[in-house]
Structures are given as structure tokens and as C-alpha cells.
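Peer 1: Spelled out from the first residue to the last, the chains are:
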Amino acid sequence: MSSEPASAMRKMFFREAIARAVREEMRDNPAVLILGQDVGRFGGSYREFDGLFEEFGAERVRDMPVAEAAMIGMGVGAAAAGLRPLVSITYMDFMMLGFDPLINYGAKLRYKTGGQMTAPVVVKTTAGAKGQGVAHSQCIEAWLMSVPGLKVVAPATPADAYGLMKTALRSNGPVVYVDHKRLFPVAGEVPLDQVAIPFGSARICRPGTDLTITAHSFMVRIALEAASLLAKEGLSAEVINLRSLAPLDINTIASSVKRTGRLLTLEEGQITTGVGAEVITRVMEKLGPVDFTRVGPLPAPVSSNPILEAACLPDAERIAVAGRLLLNAKKLVGSH
Amino acid sequence: MTDQSSLALLRQMKLIRAFEEALVVRPDHGFQLISSGEEAVAVGLCSLLSPHDQLLTGGRSIGPALACGVDPSRLMAELLGRSSGTNRGKGGRGHLADPARGFFGAHAVVGGNISIAAGVALALQMSSKDAIAAIVFGDGAFGAGALHETLNISATMKLPLLFVCNNNQLSVSTPRSLALAPSRLSDIGAAFRIPSQTVDGMDLDTVIDAISPAVDHVRAGKGPAFVECISYRFASHSTTARETRTRDELAEIRSLCPIVSQSRKLRAAGLLDDNLEHEINRSVADTVEEALRFADASPMPQEEEALLDVI
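In the order they appear, the protein sequences are chains A and B.
For the first sequence, numbering that gives the first Met the number 0 assigns the number 0 to the initial residue and increments by one for each residue that follows.
For the second sequence, numbering that gives the first Met the number 0 assigns the number 0 to the initial residue and increments by one for each residue that follows.
All clues given are correct.
Derived list of chain A stretches under chain B, where covered just means 3 residues or more per stretch with a C-beta under 8 angstroms from a C-beta of chain B:
(1) 66-78
(2) 105-114
With beta-carbon atoms standing in for the labels, derived distance ranges:
(3) Asp2(B) to Glu53(A): 53 to 61 angstroms
(4) Asp208(B) to Pro197(A): 50 to 58 angstroms
(5) Asn280(B) to Pro197(A): 56 to 64 angstroms
(6) Val171(B) to Leu191(A): 58 to 66 angstroms
(7) Ser282(B) to Pro197(A): 52 to 60 angstroms
(8) Gly81(A) to Asp215(B): 20 to 28 angstroms
(9) Leu191(A) to Asp215(B): 48 to 56 angstroms
(10) Gly56(A) to Arg281(B): 54 to 62 angstroms
(11) Gly81(A) to Ile310(B): 17 to 25 angstroms
(12) Thr1(B) to Ala134(A): 54 to 62 angstroms
(13) Ser172(B) to Glu23(A): 49 to 57 angstroms
(14) Pro147(A) to Arg281(B): 42 to 50 angstroms
(15) Leu324(A) to Leu306(B): 34 to 42 angstroms
(16) Ala299(A) to Asp199(B): 52 to 60 angstroms
No lab work stands behind these hints: they were computed from the structure.
For glycine and all other residues, C-beta sits at the position ideal for the given N, C-alpha and C.
Please put together the full structure from these sequences, using the hints given.
Peer 2: Okay, structure coming up:
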């Protein structure tokens with residue numbers, strides 16, 4: 000799906016779009032509550048919960064001790080018992096502490112109880128590098144895509160942030176909602192109407208004809224920069240914002256690749272068993288062999304040292320190089 | 000307690016024992032986690048819970064499930080993988096659940112259900128009924144971070160959560176003396192200002208006397224309480240795990256049987272005689288036989304069910 004219904008728009012920051020979606024859902028449904036560190040009067044580490052404590056009070060916006068495992072466990076348990084908690088985990092790296100309740104319990108609950116119980120919890124967490132170092136920068140969403148019973152979404156724009164959060168808070172099973180440190184200060188148009196974005200719906204955010212680039216979260220912006228670089232050379236890249244990783248909108252991706260004939264996957268997390276590996280495999284399962292390349296960070300931890308962090312991360316220039324190589328490889332083959 | 004309910008509790012303990020004895024000779028659905036020896040903890044606790052309360056346990060959950068009122072036939076069907084089971088045969092040992100009966104469920108990751116129970120307690124607290132959640136876990140889970148984090152959070156939030164440590168003194172083969180530093184596990188409660196005590200888990204009346212005020216405390220909205228019940232499991236960790244204790248040790252442990260001692264007490268009080276006990280035994284045997292018949296008459300799940308209720 001590449002278009003949402005037309006609606007009047009308003010410009011807002013990414014963090015404001017999150018707060019708006021959560022506020023509306025909390026108003027509509029008394030079962031929605033927030034558990035997290037610094038989510039109360041502080042308003043969230045990135046002010047993405049600004050004003051919610053003031054409106055809903057300490058009962059529904061709960062500051063928790065630094066105990067991610069128990070916090071996710073509580074969220075999952077409360078969800079199984081009828082609430083709809085949003086558990087805020089400051090950095091995605093810390094989600095590892097809560098994998099047991101999320102993966103061993105929450106994601107399995109509906110299956111293991113023969114459909115009689117579900118855990119509609121949203122774990123919202125912030126991924127990505129921005130000077131925070133080796134244990135506060137990781138993008139491990141690909142680890143989670145393979146868990147049966149778990150949904151994983153990663154907004155790239157304020158409109159995504161809003162629409163995906165609406166769907167997440169109405170979803171009937173555990174959802175991991177991955178945002179990004181560098182996205183909070185980004186502004187963008189968001190529909191004034193309460194439009195939820197369904198999961199499993201990618202969006203073509205720049206049409207093109209020579210090459211398909213898939214990305215999610217902050218890397219969508221970098222992909223768009225790379226597409227602009229390539230355009231200066233007369234190369235037309237189509238950029239797809241995945242938005243939802245599990246489920247994955249393979250139809251939108253595959254029909255794009257069918258038109259362009261080439262696929263470049265981009266991600267900030269590791270490419271080994273990464274999002275791109277899955278995208279490429281699923282595309283080829285549908286279309287047969289296509290020319291592809293994967294772009295991601297160096298296979299190394301992300302340092303807080305700015306030189307090393309920048310060296311590690313994919314940037315527009317690196318993507319453009321990979322894109323050119325992919326296009327040239329095709330031309331060379333074609334010239335024989 | 001009325002004479003009738005004393006006999007009903009004896010019957011429940013006997014049912015758990017007989018149910019498990021019938022189950023262990025059925026090797027057709029993998030290993031089972033048996034709680035024989037620990038019946039007084041399950042029955043004593045459940046006798047104090049109300050219909051709106053929810054009980055969560057670790058994997059060793061047959062006793063608590065039966066004591067909570069889960070239908071023995073559907074429970075047996077579940078443990079034997081039948082689609083008429085409580086979980087349509089998909090949960091099996093360690094994952095039994097029947098929340099409509101107040102048995103929110105078992106979770107077989109050691110310690111894994113403790114923070115889940117805090118979430119259930121939070122939901123009950125916010126629903127403003129006077130219902131409580133109870134979590135039964137073993138000494139194995141005592142060493143896990145989940146307990147320590149959850150004690151802290153539940154005390155801070157004054158959650159209606161009762162912690163019951165069924166300390167059977169073994170983690171598979173590792174004795175608690177090698178695994179856990181505190182000499183009394185309930186001492187941990189003091190650090191969190193949670194009322195706590197340690198009692199003999201082999202005696203039904205003692206368990207009830209200890210848990211009753213703890214339940215009252217929790218139900219009154221005063222926050223969590225912690226009860227350690229020292230018990231013995233009569234069998235090895237699972238029906239396929241090696242027994243590590245000697246014959247002599249086992250004989251001594253089995254002489255502490257909570258069912259025998261309860262029956263002796265009821266006889267001394269004039270509440271039980273040979274005829275009545277025989278009647279109870281026969282009724283228990285009938286229930287177990289019916290449970291096996293029900294399970295055996297039920298189909299296994301279809302292969303297509305592997306993809307049902309995943310998302």
C-alpha cells in the first residue's frame with residue numbers, strides 16, 4: 000500500500016506525534032496506561048510523553064524503577080489480565096533484559112492457551128546511534144522479527160509514528176514499536192483525522208525506476224538522501240519505507256522490484272541475518288533471482304567516539320556507491 | 000473451618016496425589032512435573048483464595064491447578080496432549096491455564112511468572128475489586144532477578160500480590176544450601192518492608208494459619224506479603240530426571256507425607272474413620288479414572304492447529 004486516505008494535515012514533531020497518538024488512545028480506552036522510566040512529570044527521555052502525566056495522572060502514567068525485565072513482565076501480565084499497557088524501554092539495548100517475559104511468555108500466550116488469552120502490550124523503545132556508545136545504540140529489531148506471535152514496527156516519519164502507535168495500542172498481541180534517537184526532533188505532516196496505519200503496509204516514499212531501496216526508521220531519511228545523490232547522475236531510485244517489519248509488506252516491495260529489477264536493502268542494524276536478508280529472500284521467493292545488495296553498518300560495535308560512530312554507520316555516499324555498483328553490474332552483464 | 004471443609008481439603012490432597020500417580024504411568028506424552036509431597040502448600044493456599052483471585056505458578060503446577068478448581072478431566076486431557084484440554088493440548092506440562100477458574104496459569108521458565116503475576120496484580124488493583132493475585136514459585140526461582148525486581152516494584156506500588164515460595168529445597172539436583180545464601184528465604188521480605196514468614200509446608204493447618212493473615216493483609220490493600228513453605232518433593236525433578244537422593248533419604252522424606260499426617264489428625268479429632276476415608280479414596284479414584292477416560296476419548300490436535308492462534 001502506498002497511499003493513505005486524504006486528510007487535512009498539520010506539521011508536528013515526531014515526539015509530538017507519539018504523544019498525540021498515546022493521548023488519544025488513553026482518552027478512548029481507560030485500559031491504556033504507560034509504564035516506564037522517566038515517563039511521568041519528566042515526560043519521557045525525548046519528551047515523547049509530554050503532557051500525559053498532567054492529563055492522566057500517576058495511576059496511568061507510572062514511573063518505574065530501573066528494572067526492565069520486571070517492567071516488561073508486568074506489562075505483559077497486566078495485558079494478559081485485561082489492560083493495554085505501553086511499556087517504555089529507554090534504549091533498545093535494554094530490551095534484552097526483558098526478552099524472557101516478552102518472548103517466552105507474551106508472544107506465546109495466545110498459542111499456548113489455545114486462543115483463550117492474549118497479551119496486548121506495546122513495548123516502545125528507542126534504537127539507533129547518536130553518541131551513546133556500544134550498549135545504548137543498537138538496532139536489534141531483526142532479532143525480533145523471527146519470533147512467532149510478535150509484531151515489530153519502526154516508524155520513519157511523524158505520520159508513521161502517529162499512525163503506527165494508534166494501531167499498536169489497539170493490537171491484540173504484543174507489539175514492539177521501535178523509534179529512533181535522531182527522529183524525535185524531526186518535523187513532518189501528520190493527518191488531523193485519527194488515521195491508524197495498519198501493520199504490514201509499507202509506503203513508497205520516493206518513486207523511481209532503476210533501483211528499489213528498502214529501509215526503515217531513521218535510515219529512510221538516509222535512503223532518500225542517497226536517492227537524491229543518485230538522481231544527480233540520472234539514476235532513479237525508488238525508496239520504500241517498510242514501516243512494519245513483522246508482518247512485512249512483501250507485496251509492495253516485490254512489485255517495486257519487479258519494475259526496477261534491482262534491490263538495495265538498507266538498515267542501521269547488522270546485515271547478518273538482518274532485515275535486508277529477510278527482505279531479499281522473500282522478494283526472491285516471489286520473483287526468482289534479482290540483482291541485490293545489502294547496506295548496513297560495519298560488523299562492529301558502535302562507539303560513542305564520533306569518528307568511530309560515523310565510520311561504522313551507513314551514510315548517503317556509501318549507499319550511493321553500492322547503488323551505482325548494483326546498476327553497473329547489471330549494465331556490464333547486459334553489454335555482453 | 001467446618002468439618003466438611005476439612006474433609007474436602009483432605010480429598011483435594013488425595014486427588015492431587017492420585018491424579019499424579021495415574022499420570023506418571025502414562026509415558027505417552029513426554030515427561031511430567033510431579034508435585035507429590037507438596038500437596039499441603041497448594042491446597043492450603045487455594046483454600047484461602049476467592050473466586051475473583053488469580054493464581055500463577057511455576058512449571059510444577061498440577062497440584063495448584065487442581066486445588067484451584069480446574070476440572071481434572073480437562074487437566075488430564077491437557078497433560079496428555081488432547082484437544083479437549085484446558086489449552087487445547089497446546090500448552091501441556093508447565094503451561095496449564097484456566098483463568099475462568101482463577102488459575103491464571105503456569106509458566107515453566109523458572110521465575111518467569113513472577114513479574115507476570117505483578118502485572119496481573121496491577122490489573123486487579125486498577126479494577127478496584129478486592130481481588131488479589133498469588134504467585135507460587137520454588138526455591139529455584141528465589142535466586143532469579145525476577146523475584147528481586149518484582150518484590151521491589153510490588154512493595155513500591157502496594158500491589159495485591161501474595162508471594163508463596165514453595166521451597167522444596169532442590170533445583171533439579173542442586174540443593175538450596177548450595178544455591179541460595181539466606182538461611183531463611185523469607186528474610187528477604189524485610190528489606191522491602193513486606194510482611195514475611197517461614198513455615199512447615201508439610202502440614203496443611205500450619206500452611207493455612209500462615210497464609211490466611213497474609214491473604215488478609217494483601218486483600219486489605221496493604222501491599223504484598225511473602226510466605227515461605229518448606230516442603231519436600233517425593234519424586235525426582237521430572238518423570239524422566241534422575242533421582243539424586245538415596246533410598247534412605249527418600250524413605251525419611253516420604254514419612255513426612257502431608258496426607259498421612261492430615262488424615263491422622265482428622266481421625267484423632269473424630270472427623271474421619273476407616274469407612275469415610277475409604278469413601279473419599281473411592282471418590283478420588285473415580286474422578287481420576289473419569290479424567291483418564293475423558294482424556295483417552297479425546298482426539299489429539301489436528302496438524303493444522305500448529306498454525307492456529309499464533310498471532
